[in-house]
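A.B. asks: Below are the chains, spelled out letter by letter.
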Amino acid sequence: MPKDLETLTREKKVETDFQSSEVWAKVAGKAVYGIDLILPGMLYGKILRSPHPHARIKSIDTSAAESISGVRTVITAENFSCKPYGIVVDDELPLACGRVRYIGDEVAAVAAVDWKTAEEAAKAIKVEYEVLPSVFKPEEALAEGSPQLHEDFPGNVAWQRDLERGDADAAFGDADLVVESAFSIPAIHAAYLEPIACVAVNDNYTGLTLHTALQSPDSVRTIVAKVLEMPLSRVRVVGPVMGGGFGGKVYGNLNLYIISSMLAIKTGSPVKMLLTREEEFIAGRPMIAAEIKLKMALCRDGTILARESDIITDNGAYSAQAPWVSKTISERNDSVYRIPNIKTRVRLVYTNKVPTGQYRSYGNQAANFATESLIDMAAKKLGIDPLQLRLLNCTRKGDLTVHGLQIKSCALADCLQAAADEIGWEKKIRGRGYGLSAAIHANGSIVFDKNFRGASALARLELDGRVTIFTGEQDYGQGAHTAFTIIAARALGLPPGLVTIQSRDTLISPFSLGALAMRQTTIGGRAVQLAAEKLREKIEITAVEAGSESTGLREGAVNGSSANLIDLAALARYYHGKTSGLNLVGEGKYVPEESDYDESGYGNISVTYSFAAHAAEVEIDRTTGELTLHRIVAVHDSGRIINLLSAIGQVYGGVTQGLGMSCYEGYLFEAGRVANSTFADYKIPTSLDVPVIDYQFVERGDPEGPYGSKGLGEIVMVPVLGAIANAVADAAGDWVTDLPITAEKIYQLMAGWECE
Amino acid sequence: MSYLKALNLRQAVALLRGNPGRIRVVAGATDLSLQEMPQVALDITALPETTGLETADGFFSLGAALTHSEIANSHPVRHKATALTEACASIGSPQIRNVGTLGGNVINAAPAADAAVALVALGAGAVMINLEGKTREEAVEDLYAGFNQTIIDSGSEIMLKLVIRPCAANEGSSFERFASRKALALPMVNGAARVEVVDGFFRSVRLVLAPINPAPTRLLNLEEKLQGAPVTEETYKKIETEAAAEVEVRASLLRCTAQYRSHLIGVLAARVVRKAAERALERK
Ligand SMILES: Cc1cc2nc3c(=O)[nH]c(=O)nc-3n(C[C@H](O)[C@H](O)[C@H](O)COP(=O)(O)OP(=O)(O)OC[C@H]3O[C@@H](n4cnc5c(N)ncnc54)[C@H](O)[C@@H]3O)c2cc1C
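First to last, the protein sequences are chains A and B. Each step along the first sequence adds one to the number in the numbering used here, with nothing skipped, and position 437 is 437. Each step along the second sequence adds one to the number in the numbering used here, with nothing skipped, and position 75 is 75.
It is worth saying that the hints were derived from the structure and are not from the lab. Ideal Cβ positions, reconstructed from N, Cα and C, are used throughout, including at glycine. Errors might be hidden in some of the hints.
Listing some non-contacts, in silico: residues in chain A with all C-beta distances to chain B over 10 angstroms [what the hints assert, rightly or not]:
| no. | residue |
| --- | --- |
| 1 | Thr7 |
| 2 | Lys26 |
| 3 | Gln417 |
| 4 | Lys589 |
| 5 | Tyr664 |
| 6 | Lys683 |
| 7 | Asp689 |
What follows is a list of derived Cβ distance ranges for each label pair [what the hints assert, rightly or not]:
| no. | chain 1 | residue 1 | chain 2 | residue 2 | range |
| --- | --- | --- | --- | --- | --- |
| 8 | A | Glu422 | B | Asn98 | 51 to 61 angstroms |
| 9 | B | Met1 | A | Ala31 | 54 to 64 angstroms |
| 10 | B | Asn98 | A | Cys97 | 33 to 43 angstroms |
| 11 | A | Asp621 | B | Asn221 | 19 to 29 angstroms |
| 12 | B | Met1 | A | Val32 | 52 to 62 angstroms |
| 13 | A | Leu688 | B | Val198 | 53 to 63 angstroms |
| 14 | B | Asn98 | A | Asn583 | 49 to 59 angstroms |
| 15 | B | Ala251 | A | Lys589 | 32 to 42 angstroms |
| 16 | B | Pro20 | A | Asp621 | 29 to 39 angstroms |
| 17 | A | Asp621 | B | Val198 | 27 to 37 angstroms |
| 18 | A | Cys82 | B | Met1 | 44 to 54 angstroms |
| 19 | A | Gly431 | B | Asp199 | 56 to 66 angstroms |
| 20 | B | Ala251 | A | Glu422 | 47 to 57 angstroms |
| 21 | A | Val131 | B | Leu4 | 42 to 52 angstroms |
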């Protein structure tokens, strides 16, 4: 049973054990998720998807579908302008305009009185296709004469970047050792339990409302408004509880929101749509697959001189967030160590497959697998202990990294040492493999939109003496609201039980960038802190003004029960009366300093950075290659931990997902068709597959984050991949360089088989 | 669809007779509900004849509607038909094991159905009753008629029970599987063996592996060669190389390459025979 707040307060355990009430609603099965929503008069929408990886649409005949009883409307590309839109690159359309580019591409949609009729009607739409040649491999897509996916992107390159810092060529010339290897990472689905679902409601008076759980509701409504050519203030997102997001619901499935909105506009009724699990896999936005070629130059003593990477990311048919993911893959790991010279080429390439997006940490974890494997390969060649090689080169507090990141706090070296100590680096058990890995991750971005770098929040004193915090930052299970509650309570000097967080309605919450890139606690939390401090200040001033003798706020006494404490309810009513209806409000805006970020992408990109080191201990059955994971040790520098229970939860979940990506998961394709589009075939770890996970937090604080805290939600997944890869290599004698690391691949490696 | 739960065998047979062409026997429905439920589903999980677990005339008689959990938790079965316990305990997840049945596992005839592999290795027989109320018994290994097909017509026949001769003091059995995760994963390879050991030599070996053919596959050549072979490391080595050589396997994009599967067949064949022999020796 959860302890109530009073008990936690008495035991002084609020900051470790408190959880927001939503958590308990979930545990009790009482939370209402998007997929549960039912509104009066609601219709159900279904999408007809392309059966071909690449084809021209010759004709669409909707008459048979329209004549089915119970069908309210059928829409096609004709209901939209054929102007592509996008998050980063404009290449997507809500419904295909004359051409489909992957199996699952949206062709038409229907709204009907129930699911069955909607499905039937979607099937009754007749589409004539002229099949076009398709291309599934990025290397082939790049080749001359290959089928072209988008007129606006010749050569099938959606986005690319060539980057040089220092003089890598010279450094490679001077090096004592050059190590190189190629790595391959498949597309990965965020595999949240609740498939994406929404209910769109449109009425002429209030405009469009989307009931859907999003990590970044304001970003989504901005795009939806633009595509539907509606004023932004007429598009509102109201969020039910989210059944898992893990980065996959930052933008969710934009086409689904736009299509359901159009169906709602056309019918005048609420329209519910959702992706089935199969649709999640074939038409969701998994994280891009990547082919990473790496080369690193070192001195004999282990000093890293330079790194060169050539990266091709497999975009699928449309780009979504893939350019950002490609950028993170190509860049973030360069700042884990002091690498003075960098040469990078990254190309995001179209293929006739499922469009891609992002997953917890924007590809940092994919790159960690490659870069950290290469560190150990170098250590082996140089005969240097992998821990020592890392300690020699790792980024430290006060550094300005090769890409211009300003490291204001960093306990990476301590994390590495602690992870090694805890896993037993100096007393390894014979026959087992041990691996280490290190990571850095940004806390939100101050360069994503240079004019919108931070966050804001509002703290309002209610007439009953309670406080409501309005924020646009989202809790989707990671505990952001628990953290905000604690932060606000601390700033106000009130018990957390008096604080309520309100974030689920874009009409009343401040505009925000949302839950991505580890922004919530650090950026959003700082705004909450500032808002609460402002409110406190106002309360104190108003108390004086009201002639109150008592001026203090303190935990547990809000109703004036103690002589020198302010009666908050009385004060709220006083102000309310005096102003004929206003509440005392504290506005908090956290506006980080502008960055020196330049055209080449050099400069500080975030207010601060989190660090981590993980260690893995594994064992391999030499007759089959079967891998037993004994333990993962996760040591994190996330500044001061605001709520221990949430932090531990993040570590368990993130490590498990890292393990899934390391050893189990990955899209499989057969001629452009997703071959594993169910949870039976797309294997995520079960509870039996999860090893012992030990956590440690090195709490050194941070000058930027609220109360010295930094982000944790994404970085928890990052170092797992390198740690497991290196532990497997330690046991097997060589590296598996393509994910997932399966028993078969380990065995092939040990048996010296040529792959089939 | 109508769903009928028969309370006694006579009623069940009468319902089958009365609904030709539209009725089908259902047990846990873990397979059937993923395929297509019949117009009339006849639930046979409440019959005394399909749910008993007893020893009669020196044989285990296991009701076809016993769940994998019930089998896995049975002491006598664990003691004297260990391979079946191990197989049933490895299926799916606790939820699946709590409803999926022994009979369903055989009749659904998936090529690597875990319980079926163990049953064939143990030399189990199956007893069916038809519309006339007549029973017949067939060896489980003779029930297969093709991919996902048996010779049992679940529209006009009910499998009542499976019969197994318990292992004697000088016998042992074992089952093992190899899958990509620890639960909820169909095996890349599974295998089971039943052996009889006399004075340090194999008197008889039944060795079954899957998925190779639509039915659990006995390695008949190897079984024969092992008759009279000594219980030694060399013999296990020989099993490993010869098991893989005796059969041809297919690759599967979702599971593994043919080369690896073939290797696993050798490894698992040797492992189950070894484990079964150890049990035979332990018991004495
Ligand atoms: C998630 C999941 C995981 C699974 N994992 C595994 C696994 O790891 N290993 C494995 O081997 N299987 C697995 N299965 C398959 C399945 O659970 C088993 O095959 C199970 O034993 C089937 O039994 P049932 O009672 O559910 O059969 P049902 O679905 O009820 O019936 C299956 C077939 O047998 C017929 N039938 C059933 N009982 C009788 C009877 N007494 N007489 C005549 N006909 C009958 C039915 O008509 C039907 O054709 C899994 C299934 C699921 C859904």
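A.B. asks: If a hint holds in the structure, say so; if it doesn't, say that too.
C.D. replies: Hints and how they fare:
1. With a minimum CB-CB distance of about 34 angstroms to chain B, Thr7/A clears the 10 angstroms threshold, and the non-interface call stands.
2. Listed as a non-interface residue, Lys26/A keeps its Cβ farther than 10 angstroms from every Cβ of chain B; the least gap is roughly 21 angstroms.
3. Consistency note on Gln417/A: stated as away from chain B, and its beta-carbon is indeed over 10 angstroms from all of that chain's, at 33 angstroms minimum.
4. Chain B leaves Lys589/A outside its interface by the beta-carbon criterion, the shortest separation being 48 angstroms against a cut-off of 10 angstroms.
5. Look at Tyr664/A: its CB is around 6 angstroms from the nearest CB on chain B, not clear of 10 angstroms, so calling it non-interface is violated.
6. The claim that Lys683/A is not at the interface with chain B is violated, since a C-beta of that chain comes within 10 angstroms of its own (minimum 6 angstroms).
7. The non-interface label for Asp689/A is inconsistent with chain B: the shortest C-beta to C-beta separation is roughly 5 angstroms, within 10 angstroms.
8. For Glu422/A and Asn98/B, the hinted distance range of 51 to 61 angstroms is not satisfied, since their beta carbons lie about 39 angstroms from each other.
9. At about 33 angstroms, the CB distance of Met1/B to Ala31/A disagrees with the hint of 54 to 64 angstroms.
10. Taken as a hint, the range 33 to 43 angstroms is violated for the pair Asn98/B and Cys97/A, whose Cβ atoms sit roughly 51 angstroms apart.
11. Distance hint check for Asp621/A and Asn221/B: the Cβ-Cβ separation is about 27 angstroms, which falls inside the suggested range of 19 to 29 angstroms.
12. Separation of Met1/B from Val32/A is about 31 angstroms and departs from the stated range, judged on CB atoms against 52 to 62 angstroms.
13. For Leu688/A paired with Val198/B, a C-beta distance near 39 angstroms fails the hint of 53 to 63 angstroms.
14. The hinted range of 49 to 59 angstroms is satisfied by Asn98/B and Asn583/A, whose Cβ atoms lie roughly 55 angstroms apart.
15. Separated by about 60 angstroms at the C-beta atoms, Ala251/B and Lys589/A break the suggested range of 32 to 42 angstroms.
16. Judged by the Cβ atoms, the range 29 to 39 angstroms given for Pro20/B and Asp621/A is violated: they are separated by roughly 53 angstroms.
17. In this structure, Asp621/A and Val198/B meet the distance hint of 27 to 37 angstroms, their C-beta atoms being roughly 32 angstroms apart.
18. Cys82/A and Met1/B have their C-beta atoms about 45 angstroms apart, which keeps the hinted 44 to 54 angstroms range intact.
19. At about 36 angstroms, the beta-carbon gap between Gly431/A and Asp199/B misses the expected band of 56 to 66 angstroms.
20. Remark: the range hint 47 to 57 angstroms for Ala251/B to Glu422/A is contradicted by a beta-carbon distance near 41 angstroms.
21. About 48 angstroms separates the C-beta atoms of Val131/A and Leu4/B, a value consistent with the hinted range of 42 to 52 angstroms.
Violated hints, listed in ascending order, are 5, 6, 7, 8, 9, 10, 12, 13, 15, 16, 19 and 20; each of the other numbered hints is respected by the structure.
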